[in-house]
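Chemist: Protein chains in written order, with the working numbering: chain A, 1017 to 1276; chain B, 1017 to 1276.
Since the hints were derived computationally from the structure, they do not count as laboratory data. Since the model is a prediction, treat every value here as computed from it, not as a measurement. The reader is advised that the hints may include incorrect statements.
Since the list gives no way to pick out one identical chain from another, each pair is judged satisfied if it fits inside one copy or across any two copies.
To be verified - Lysine to any residue pairs mimicking SDA-like chemistry, simulated, CA-CA at most 20 Å apart:
(1) Lys1080 - Glu1109
(2) Lys1229 - Glu1250
(3) Lys1079 - Arg1154
(4) Lys1229 - Asn1144
(5) Lys1052 - Gly1241
(6) Lys1079 - Lys1182
(7) Lys1266 - Leu1235
(8) Lys1079 - Arg1047
(9) Lys1046 - Asn1214
(10) Lys1080 - Leu1253
(11) Lys1052 - Tyr1239
(12) Lys1229 - Thr1262
(13) Lys1229 - Ala1251
Number of protein chains: 2
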Amino acid sequence: MFLRYVILDAKCVICGEIKNMDPRSSVIDKRLQNIKRVIAVASGKGGVGKSLVASSLALNLSKKGYKVGLLDLDFTSPATHVILGVDGLYPEEEYGIIPPLAHDIRYMSITLYSLDEPAPLRGQDVSNAIIELLAITRWEELDYLVVDMPPGIGDATLDTIRLIPKLEFLVATTPSLVAYQSVRRMLVLLLELGIPINGVIENMVMRSSDYVKSDVMELGVEYLGEIAFDESLEATLGDVSMLSETSFYKKIGNIVTLML
Amino acid sequence: MFLRYVILDAKCVICGEIKNMDPRSSVIDKRLQNIKRVIAVASGKGGVGKSLVASSLALNLSKKGYKVGLLDLDFTSPATHVILGVDGLYPEEEYGIIPPLAHDIRYMSITLYSLDEPAPLRGQDVSNAIIELLAITRWEELDYLVVDMPPGIGDATLDTIRLIPKLEFLVATTPSLVAYQSVRRMLVLLLELGIPINGVIENMVMRSSDYVKSDVMELGVEYLGEIAFDESLEATLGDVSMLSETSFYKKIGNIVTLML
């Protein structure tokens, strides 16, 4: 399995738990050193359009002339490969893995290897997979690496935060009370941990309301704007040129300029 | 912390990892022995309406005269307490925890204790919380226990499957390719594990299409029906009498009869 390229031995000999992450952490630091900014697109709740935001953000930045990478760390329900229509894409292996180009973006995802098999990874396995994906991938010089984060604030998110010190968060929510309540918990945690937050995007808005906006601002977090519910998005899955014609995509393009 | 009621000592003395789950498993078996059927409402993907399905299913069963419990195990983004408008509800403690009544349903959720604090539980902590919630809760005699499952097929789902041998799955999806792809991975896993599946509900349908239905049936899984996207649901959050007037709720009522 390619994920075993980097083998490190800081494990408890009895239970296999990793006691000391330093060796891999330092490999990862080296792998990411030529990347100027790492934007983590995250949400406390699934189904808010996180992967569409991440993909559209990466595509928009690339269109503006930046060198961009996209890393899908959402092992629970990876989606960027469907959105980008990435098929038959294989990374080159050369002292590590060189992410293939997809629509001018350097693209990396666990799905390039596992595809549609059910992969019920145990928590420690997910952590290991993330560590090894980060340790193995040879990103070239990039202006932006966009990371499609795991949902919620569980292990996978905490590990990614620990492993990528220069992570900045872009948080997606919907106006739904149920979704925003989880997103809010994530925001509070990020604030408590002192992690930079670029702001919040309110997606799938059907009827404007100030509820999310005012609460986000009360937390001291930037509200980057709302995006109207766009029924046409589903039909664009897999077709980037169709995606780039949607109002959703263009709105992300506007929001990008607030983050540069 | 209440979750430490049941203390068991099958841990690795060096790393704290639990080596032997038997003691707690047998407590759990006893706790669940007076429950006739346990229905796990699950989805491979967040944001498909899983918690609304679980809540409406429990309410519908209760309205039909069955004795019903609802257990929220979605630690990532718990939502049933918002849907049911459960506020100021505290369980009684008496040789364990007696779940309080909410709308005639015996209701238990981690949120009865943690409420809106950010709780970034590490994987092992989530597993422990689930085990202890199951071990501590004194369900009375029930016809149905509806479990709002954690999203995806990670640790929390696998642990719940392991701990509740009589679990039957009711799987929610949306027509979205991205959602169904994750849901399909869950279905394949459940089939491989030989776990009973009552069927699949296709939620948030905007335009009818046979794609999900035919694929579900090809897998040999029952397709229980589609539910139209219901914009009015958001306004019912917290108000069960409003919820029970929606077409969504009534459709769940029809689907229930297929499962009895």
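Chemist: When no copy is specified for Lys1052 and Tyr1239, does a C-alpha distance of 20 Å or less occur within a copy, between copies, both, or neither?
Modeler: neither (24 Å within a copy, 48 Å between copies)
Chemist: For Lys1080 vs Glu1109, is the C-alpha pair at or below 20 Å within one copy, between two copies, both, or neither?
Modeler: neither (29 Å within a copy, 60 Å between copies)
Chemist: First find the shortest C-alpha distance between Lys1080 and Leu1253 inside one copy, then the shortest across copies, and answer within, between, both or neither for a cut-off of 20 Å.
Modeler: For Lys1080 and Leu1253, neither the intra-copy (22 Å) nor the inter-copy (42 Å) Cα distance is at most 20 Å.
Chemist: How do Lys1052 and Gly1241 come out at 20 Å by Cα distance, when the copy is not named: within, between, both, or neither?
Modeler: neither (25 Å within a copy, 49 Å between copies)
Chemist: For the identical chains here, do Lys1079 and Lys1182 meet the 20 Å Cα criterion within one copy, between copies, both, or neither?
Modeler: neither (24 Å within a copy, 53 Å between copies)
Chemist: Within, between, both or neither: how does the pair Lys1046, Asn1214 come out at a Cα-Cα threshold of 20 Å?
Modeler: neither (25 Å within a copy, 50 Å between copies)
Chemist: Using 20 Å as the alpha-carbon threshold, which applies to Lys1229 and Glu1250: within, between, both, or neither?
Modeler: Between. Shortest inter-copy distance 17 Å satisfies the 20 Å Cα cut-off; intra-copy 26 Å does not.
Chemist: Up to 20 Å between alpha-carbons, please classify Lys1229 paired with Ala1251: within, between, both or neither.
Modeler: between (29 Å within a copy, 18 Å between copies)
Chemist: Check Lys1079 against Arg1154 for me: Cα-Cα at most 20 Å, and say if that holds within a copy, between copies, both or neither.
Modeler: Neither, since 22 Å and 58 Å both go past 20 Å.
Chemist: Can you tell me if Lys1266 and Leu1235 fall within 20 Å by alpha carbon in one copy, between copies, both or neither?
Modeler: neither (27 Å within a copy, 39 Å between copies)
Chemist: Since the copies are identical, ignore which copy is meant and state whether Lys1079 and Arg1047 lie within 20 Å (CA to CA) inside a copy, between copies, both or neither.
Modeler: neither (24 Å within a copy, 58 Å between copies)
Chemist: How would you classify Lys1229 and Asn1144 at a CA-CA limit of 20 Å: within, between, both, or neither?
Modeler: Classified as neither; 37 Å inside a copy, 36 Å across copies.
Hint violations for this structure: numbers 1, 3, 4, 5, 6, 7, 8, 9, 10, 11 and 12, all remaining hints satisfied.
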